[in-house]
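S.K.: Start from the sequences and build out the full structure, keeping to the hints where you can.
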Amino acid sequence: EAQVTQNPRYLITVTGKKLTVTCSQNMNHEYMSWYRQDPGLGLRQIYYSMNVEVTDKGDVPEGYKVSRKEKRNFPLILESPSPNQTSLYFCASSLYWTGDQPQHFGDGTRLSIL
Amino acid sequence: AQKVTQAQTEISVVEKEDVTLDCVYETRDTTYYLFWYKQPPSGELVFLIRRNSFDEQNEISGRYSWNFQKSTSSFNFTITASQVVDSAVYFCALSEASSGNTPLVFGKGTRLSVIA
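These protein sequence lines map, in sequence, to chains H and S.
Residues in the first sequence are numbered from 1 upward in steps of one, following the working numbering.
Residues in the second sequence are numbered from 1001 upward in steps of one, following the working numbering.
Think of the hints as simulated: they come from the structure by calculation, not from any bench.
Among these hints, one or two may not hold up.
Chain H side only, calculated, beta carbon under 10 Å to chain S, not exhaustive [claimed, not checked]:
(1) 33
(2) 35
(3) 41
(4) 48
(5) 58
(6) 90
(7) 107
If you're wondering where the values come from, they're calculated on a predicted model, not measured in any experiment.
Yeah, the Cβ is synthetic: ideal placement off N, Cα and C, and Gly gets one too.
M.R.: This is how it looks when you write it as structure tokens:
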């Protein structure tokens, strides 16, 4: 089954404790992206990757890191999480980024930073 | 800059009523794509439809229909004979044609509650 898989689905942690949210897709997609969803703000892009080894900042990258060493994986790293990073996070992928490709989303990761 | 406005924050309807979700967009590009996504209470995002800027034909899929009007920069979504399972947050989104990164720009969503 074609899918984008995120782990964990839920995480409660404390300020400053490094964490990684994994994202993996099995559709051989070139483009991957991370979004965060906050009440009243909709979804905003954090980072994206056009292809392996190419990543760049989205609209709200502060406090996050990513890497794209393999096509299928695109982990999101919070080196020193803070409470303002409490949010619902989505990983997404599409075959290419030409604007017309629907993005396939993972089921989301709900992070609570205390 | 691209922008999507969903003016309706929340809508409640009684089952079997028709309901229209509004979406107004802004872009400077002549080639762009519009999307609707559904987010049910379980939280995942489900792709519903994509429309490109050169295709203004309305589309119908079962009880769902979409009205794209470039003259008013709108891409409205109508659910006919709503059902409780339609209860969800619906997002309209826009992307511009590009070889570089143009992220999906989402509206803030409309929460639809269908009451039995």
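S.K.: If a hint holds in the structure, say so; if it doesn't, say that too.
M.R.: Here is what the structure says about each hint:
1. 33: holds (7 Å)
2. 35: holds (8 Å)
3. 41: Nearest chain S Cβ about 7 Å off; hint holds.
4. 48: holds (5 Å)
5. 58: holds (6 Å)
6. 90: holds (6 Å)
7. 107: Holds, because the Cβ-Cβ distance from residue 107(H) to chain S comes to roughly 5 Å (cut-off 10 Å).
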